[in-house]
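Enquirer: The chain contents come next:
2 protein chains.
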Amino acid sequence: MGKGYLLGIDIGNTKLAFGLVGCNERRFHEKRVVPTERELGAEQAIEKVLDNTRELLATAPGEVAGIGIAFGGFVDATRRIGLSSPNFPGLDNVPMAALIEDLAPGIPVLMENDANAAGVGEVVYGKGRGHRQVLYLTISTGIGGAAIFDGVPLAGTQGLAAEFGHMIVAPNGPGCTCGSRGCLESLVSGTSIGRIARERAELHDTMMTGLAGGIDNITAKTVSIAARQGDGLAREILEEVALNLGIGLANIIAAFDPDIVILGGGVMNSADLLLPPAIEFVKGHLTPRGVKVPPIEASSVHDDIALWGAIALAGKAAVNHSSSCCLVDLVGVGR
Amino acid sequence: MGKGYLLGIDIGNTKLAFGLVGCNERRFHEKRVVPTERELGAEQAIEKVLDNTRELLATAPGEVAGIGIAFGGFVDATRRIGLSSPNFPGLDNVPMAALIEDLAPGIPVLMENDANAAGVGEVVYGKGRGHRQVLYLTISTGIGGAAIFDGVPLAGTQGLAAEFGHMIVAPNGPGCTCGSRGCLESLVSGTSIGRIARERAELHDTMMTGLAGGIDNITAKTVSIAARQGDGLAREILEEVALNLGIGLANIIAAFDPDIVILGGGVMNSADLLLPPAIEFVKGHLTPRGVKVPPIEASSVHDDIALWGAIALAGKAAVNHSSSCCLVDLVGVGR
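Keeping their order, the protein sequence lines are chains A and B.
Residue 13 is where the first sequence starts when you use our numbering, and the numbers rise one by one after that.
Residue 13 is where the second sequence starts when you use our numbering, and the numbers rise one by one after that.
Bound-form chain A, shown alone (with noise of 0.2 Å):
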């Protein structure tokens, strides 16, 4: 018998991925990204999910030892069900394990939302290997996170756990998507970067005006490129923007002192600009009370990272069905 393959499936609201690794690989033995497209309907995303799912395990050059499934929106990880999905109300409460069961009887597969899969990929692919206690966080359109103890994402008792993006750190602050004010993601997200940008290049001179072609044009990644031109208002606004995440890093690390702090998503992309002075301001918080600062870094995987964290749920569910085939270094990667 040839050597052992993994499969990944993440399943977004924009587009779809499917990701076949060697067992001891980092590498893509095949990698695939389709469009979600919404607008036809959720029983065609899942038939493309099951097609590409089918193809894909008829052409892997081994045999295929687990199949790991990231899904945007919340999910009950131990019934392995999506189950909402914010932005794709037709994926609501979908089987999606059991239906890649019936495609590939006997072999085992593990499901998470995108945040705690990417999670488990920073712990396996990326920057938490060797970690026991990793937060994640994805900052984007919106602002997703994950503890990863010992490899296993924290659950909670609605599976809402970690969910870092509506942790308060402005009390009074802007309005949140979710409905309250003042949330972490209601000032860091790519979205909210954006918005404040737009509000205030209403008030004030801003050559982010003229980058974007309008005001109503600009958006996180014009505020980003008009800062590393010197744009003062741009500047002022992702220094805000730093602190009010330095204040959520401060948070997040008092209440679980973790090993490492890793930060994902587009609004990443700004990670030089937006980090050092969050990673200050986090220290000034902690340092005085004799609290060593983690290491609070920006992910070096990048977008492809829940795709990656549903091929170490592939390896997981591998081991858990103790695959000898399968000897990925899944570090830590315990129960």
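Keep in mind that the hints are not guaranteed to be accurate.
Identical copies go unnamed one by one, so any copy, or any two together, can satisfy a pair.
Unchecked claim - DMTMM-like mimics (lysine to aspartate or glutamate), calculated; alpha carbons at most 20 Å apart, straight line:
#, residue 1, residue 2
1, K304, D104
2, K27, D243
3, K304, D88
4, K60, D114
5, K15, E42
6, K304, E248
7, K15, D63
8, K43, D284
9, K233, D284
10, K43, E309
11, K295, E251
12, K60, E113
13, K27, E211
14, K304, E42
15, K295, E214
Since the hints were derived computationally from the structure, they do not count as laboratory data.
Dock chain B against the given chain A, drawing on the hints supplied.
Expert: Positioned in the frame of chain A, the structure of chain B alone reads:
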């Protein structure tokens, strides 16, 4: 052989408490409390701990199956050493568990900081029974916390997890004992409530001044008494305290998604005044995004909870040691 006993030792800065409890009992067979008398120095205090332990071991009517220690300071639970006791420097790095083991060869000993011990006490003897994921906050002169998963306190990398008192609830808020600003402790601890009340009493009419016999004598207790008698300023202060407590609770619930949050410590003598508005705030923050608010309750054990926690640790030590005599109902106390 008669029934087994558990010995708990609570080493605090002001008092040393000892409790002997039958393995399946929930009442003290014997309880002793003696003053720590810090002014006499660490050696004297250690001698007192050892003397009382020796006496209780000698008078136990049956085999002592385990000993637990709650320590008022930072603890390395793995090495079972109190690393530092902020208010009693002489007790730093004393190998307390080893000293106790010398007195009682063969009896297993476990040690935790007092907040973690109290949290374990809640899980075994208090409101945390039957719950797998319990957050515990103690609000007295300072604020301590514990996150207990399956009966095991989350330690964190530096033994500093669950430091809920130093999560920020008011950026740019008042200075905290830790050297930073705006921590939960700086706004909600008993010490802080007293400080806030004294500051405000300088500026406003309040019955607190008379009740305490002068502004300088106002404490958190004065605020509570005055609020119950309808004093406007006292009520206003407690409303603010409750709001800040609510922010802290909302944040730890977002981080952990626990089964239950239990609050102990002297300030919880005003639980009837503080918890309803705090819970109201938490509901307002969490329910818009569909999160169920977990039970948030005042401890039922009050003053003795750290000692009961030490006794629960003794039970855990006995179970780990596979003592068959010990059948204490260690709900969820797994590992």
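Enquirer: Checked against the structure, which of the hints given earlier come out wrong?
Expert: 2, 6, 7, 8, 10, 13, 14, 15
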